[in-house]
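The listed protein sequences correspond, in order, to chains A and B. Going by this note's numbering, the first residue of the first sequence is number 7, and it counts up by one from there. Going by this note's numbering, the first residue of the second sequence is number 5, and it counts up by one from there.
These are computed hints drawn from the structure, not numbers from a lab. Remember, predicted model here, so these are calculated numbers, not experimental data. Just so you know, not all the hints are guaranteed correct.
To be verified - Simulated pairs of lysine to any residue, SDA-like, Cα-Cα distance not exceeding 25 Å:
1. A:LYS28 to A:PRO75
2. B:LYS56 to A:LYS42
3. A:LYS47 to B:THR16
4. A:LYS50 to B:GLU46
5. A:LYS15 to B:LYS56
6. A:LYS47 to B:LYS56
7. B:LYS60 to A:PRO67
8. A:LYS77 to A:ILE117
9. A:LYS46 to B:LYS60
10. A:LYS25 to A:ARG101
11. A:LYS77 to A:LYS46
12. A:LYS46 to A:PRO75
13. A:LYS50 to B:THR32
14. A:LYS42 to B:THR69
15. A:LYS46 to B:LYS56
16. A:LYS47 to A:PRO75
Said to hold, decoys possible - Computed beta-carbon distance windows for the label pairs:
17. A:SER11 to B:LYS64: 18 to 28 Å
18. B:GLU19 to A:ASN63: 28 to 38 Å
19. A:ASN23 to B:GLU19: 40 to 50 Å
20. A:ASN23 to B:ASP59: 47 to 57 Å
21. A:ASN63 to B:LEU50: 21 to 31 Å
22. B:SER18 to A:SER71: 40 to 50 Å
23. B:ASP59 to A:LEU60: 30 to 40 Å
24. B:THR55 to A:GLY90: 31 to 41 Å
25. A:ASP76 to B:SER18: 44 to 54 Å
26. A:PRO106 to B:GLY45: 17 to 27 Å
27. B:LYS56 to A:ASN85: 38 to 48 Å
Unchecked claim - Computed from the model, here is a short list of chain A residues facing chain B with C-beta under 7 Å:
28. ALA93
29. ARG101
30. PRO106
31. ASP111
32. GLY112
Where a beta carbon is used, it is the ideal one built from N, C-alpha and C, also for glycine.
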Amino acid sequence: DTAVSQTPKYLVTQMGNDKSIKCEQNLGHDTMYWYKQDSKKFLKIMFSYNNKELIINETVPNRFSPKSPDKAHLNLHINSLELGDSAVYFCASSRQQGRPQHFGDGTRLSIL
Amino acid sequence: GDSVTQMEGPVTLSEEAFLTINCTYTATGYPSLFWYVQYPGEGLQLLLKATKADDKGSNKGFEATYRKETTSFHLEKGSVQVSDSAVYFCALNGRIGNQFYFGTGTSLTVIP
Numbered sequence: 007d008t009a010v011s012q013t014p015k016y017l018v019t020q021m022g023n024d025k026s027i028k029c030e031q032n033l034g035h036d037t038m039y040w041y042k043q044d045s046k047k048f049l050k051i052m053f054s055y056n057n058k059e060l061i062i063n064e065t066v067p068n069r070f071s072p073k074s075p076d077k078a079h080l081n082l083h084i085n086s087l088e089l090g091d092s093a094v095y096f097c098a099s100s101r102q103q104g105r106p107q108h109f110g111d112g113t114r115l116s117i118l
Numbered sequence: 005g006d007s008v009t010q011m012e013g014p015v016t017l018s019e020e021a022f023l024t025i026n027c028t029y030t031a032t033g034y035p036s037l038f039w040y041v042q043y044p045g046e047g048l049q050l051l052l053k054a055t056k057a058d059d060k061g062s063n064k065g066f067e068a069t070y071r072k073e074t075t076s077f078h079l080e081k082g083s084v085q086v087s088d089s090a091v092y093f094c095a096l097n098g099r100i101g102n103q104f105y106f107g108t109g110t111s112l113t114v115i116p
């Protein structure tokens, strides 16, 4: 059983489009995260939600909007995609804020 | 603020060689320390952790000891295998704000 699942696994799209990435966790965790990993493997936190409430919102363009319909889901919507958005996006969850995180397998976003 | 610094890669070793990946941290108080591993095409997985000074975390032949006096948490393995090829991330849980901080990752390639 997959603990943290993201869809889609690959996303290839054109500049200017709007796209969404979905994330679901079946671990019963209270906290969920979105990370961006660049081509050099550098991992940068984007957002964190605790029980559906936003608790971390790093310096990220407002084209990126997270949405948490319930504490098991944290989706990421991206408007007006740009070339620099090409990266691997990871969803993660933890029992509570600051506890070890469980990661999904990533969504590889490529902008043409 | 809290942070971790880990040795830059990439690191290339022959099978059965000894591995050390250095990690040092800066933190207020007494953080918990972690090593995560990312295999190709996958998300990060927790490899081992230590929650207080002098604790030794271990898993799959890897070890790391929480050294408060040198603010270090170096990852070691006595005999690496080709299957250990991955990117390794050092991380800490800052007590203030309960945030997770990841290092920049160290890529390891083990050749037969």
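Against the structure, the hints:
1. A:LYS28 to A:PRO75: holds, 11 Å
2. B:LYS56 to A:LYS42: Status violated; Cα separation ~29 Å.
3. A:LYS47 to B:THR16: holds, 17 Å
4. A:LYS50 to B:GLU46: holds, 16 Å
5. A:LYS15 to B:LYS56: violated, 37 Å
6. A:LYS47 to B:LYS56: violated, 28 Å
7. B:LYS60 to A:PRO67: Not OK: LYS60 (chain B) and PRO67 (chain A) at ~40 Å, beyond 25 Å, violated.
8. A:LYS77 to A:ILE117: Judged against 25 Å, a Cα distance of about 30 Å means the pair is violated.
9. A:LYS46 to B:LYS60: violated, 29 Å
10. A:LYS25 to A:ARG101: violated, 28 Å
11. A:LYS77 to A:LYS46: violated, 31 Å
12. A:LYS46 to A:PRO75: The given pair, whose Cα atoms are some 32 Å apart, is violated under the 25 Å limit.
13. A:LYS50 to B:THR32: Since the Cα atoms of LYS50 (chain A) and THR32 (chain B) sit roughly 21 Å apart, the hinted pair holds (cutoff 25 Å).
14. A:LYS42 to B:THR69: violated, 29 Å
15. A:LYS46 to B:LYS56: Not OK: LYS46 (chain A) and LYS56 (chain B) at ~31 Å, beyond 25 Å, violated.
16. A:LYS47 to A:PRO75: Cα-Cα ~30 Å, so violated.
17. A:SER11 to B:LYS64: 18 to 28 Å: Since SER11 (chain A) and LYS64 (chain B) have Cβ atoms about 24 Å apart, the given range 18 to 28 Å holds.
18. B:GLU19 to A:ASN63: 28 to 38 Å: violated, 45 Å
19. A:ASN23 to B:GLU19: 40 to 50 Å: holds, 45 Å
20. A:ASN23 to B:ASP59: 47 to 57 Å: This hint holds: roughly 48 Å between Cβ atoms.
21. A:ASN63 to B:LEU50: 21 to 31 Å: holds, 25 Å
22. B:SER18 to A:SER71: 40 to 50 Å: Between SER18 (chain B) and SER71 (chain A), where Cβ atoms are some 48 Å apart, the hint holds.
23. B:ASP59 to A:LEU60: 30 to 40 Å: This hint holds: roughly 33 Å between Cβ atoms.
24. B:THR55 to A:GLY90: 31 to 41 Å: holds, 38 Å
25. A:ASP76 to B:SER18: 44 to 54 Å: holds, 49 Å
26. A:PRO106 to B:GLY45: 17 to 27 Å: Since the Cβ atoms of PRO106 (chain A) and GLY45 (chain B) sit about 22 Å apart, the hinted range of 17 to 27 Å holds.
27. B:LYS56 to A:ASN85: 38 to 48 Å: holds, 45 Å
28. ALA93: Since chain B brings no Cβ nearer than about 14 Å to ALA93 (chain A), farther than 7 Å, the hint is violated.
29. ARG101: violated, 12 Å
30. PRO106: Holds. Min distance 5 Å.
31. ASP111: Holds, because the Cβ-Cβ distance from ASP111 (chain A) to chain B comes to roughly 5 Å (cut-off 7 Å).
32. GLY112: This interface hint holds because 6 Å falls under the 7 Å limit.
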